[in-house]
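Line by line, the protein sequences are chains P and E. So in our numbering, spot 38 of the first sequence is number 74, and the numbers just go up one at a time. So in our numbering, spot 93 of the second sequence is number 129, and the numbers just go up one at a time.
Note that these hints are calculated values from the structure, not bench results. In this text, a Cβ means the ideal position worked out from N, Cα and C, and glycines have one as well. The reader is advised that the hints may include incorrect statements.
Covered by chain E, according to a simulated footprint, are these stretches of chain P (three or more residues, beta-carbon under 8 Å) [claimed, not checked]: (1) 71-81; (2) 87-93; (3) 123-135; (4) 155-167.
There are 2 protein chains.
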Amino acid sequence: MGTTGTEVEQGGVGLDPAAKKTVLRHFSYGLYAVTAAHGEERGVFTANWVAQVSFDPPLVVVSVEHDSSTLGLIRASGRFAVCPLREGQKDLAGKLGRPRQRTGDKFGAFDLATVPTLTGPPALADTLGFVACTVVSETPAGDSVVLLGEVVEARVLGEGEPLTMRAAGFRHAG
Amino acid sequence: MGTTGTEVEQGGVGLDPAAKKTVLRHFSYGLYAVTAAHGEERGVFTANWVAQVSFDPPLVVVSVEHDSSTLGLIRASGRFAVCPLREGQKDLAGKLGRPRQRTGDKFGAFDLATVPTLTGPPALADTLGFVACTVVSETPAGDSVVLLGEVVEARVLGEGEPLTMRAAGFRHAG
């Protein structure tokens, strides 16, 4: 049993950074391609801070870092899609995690096949499928923004098991 | 490749319920005990709609159904704790998922050992640890409420791998 004591600092309650990191690294995540489009521009990035949050209506949250270039497209269009990646797509998850400032349009740079959706955001053909969402609300969350989206369209595109952070060997900072 | 066509209904965009369910079931989750206390009352429930959403400051979201009896304790105290369950704690996850209206105080009913925290919510001793959070904001989300919490205390309580929905054999409704 590794018990790391929580330290009391400055006469108050202190947050032990090592314990915080260790416990937050025990949170489990899948890996997803999140997409958006506005006008001629389209964006895609790898996300793991994703969860459903309501059954009825079906709602999901996605946390997006402020410096994501896709965030502007989501805000301009009011839409995004979430495509769960498949087992074995670790390399794709790595590529889609690169900043667009370096890669240019990732759809072209990585030769990504897309499936048109009825509601706007491009879906990646080589994933398990997509849910397309309209943005219901946006909540500031430190270095990121939590987008709450209502699922308005869904389609199954492939079969298999979803890729997880653990299976990919990715470890988030915690 | 199972491609389920999205149906267009009533002249507009239709949401295919079967595709929506299939894709949302490809989302990956861990399993957590979420706790809160206010006065003499304490509550705990099993959650899977949990994610970190910011590194700096460290923020997490937890989606809680409106009819959760622990939600009142979280609101009254402004605090909650998230304890990642360990591999093999499927039975505990099942027990903590029962409504308190049926079980009574779950800490007594299931003989749960707790660890006192400096910030209020009781932590379950037999878990990987806890992050205790202050509620930063609350967002209505259909049948649930999305709580955004800032991590103010953390402690490691055990070693091992986290329990996932998949490993537990739990399948959420999607």
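Open item on the list: If you count the residues of the segment 71-81 of chain P with a beta-carbon closer than 8 Å to a beta-carbon of chain E, do you get 3 or more?
Closed with: Violated - the segment 71-81 of chain P has 0 residues with a Cβ nearer than 8 Å to chain E, which falls short of three.
Open item on the list: Using C-beta distances, would you say chain E covers the segment 155-167 of chain P, given that this needs three or more residues below 8 Å?
Closed with: holds (count 5)
TODO: Confirm or reject the coverage of the segment 123-135 of chain P by chain E under the rule of 3 or more residues with a beta carbon closer than 8 Å to the chain's beta carbons.
DONE: violated (count 0)
- [ ] Confirm or reject the coverage of the segment 87-93 of chain P by chain E under the rule of 3 or more residues with a beta carbon closer than 8 Å to the chain's beta carbons.
- [x] holds (count 7)
In summary, the structure is inconsistent with hints 1 and 3 from the numbered list given earlier, while agreeing with the others.
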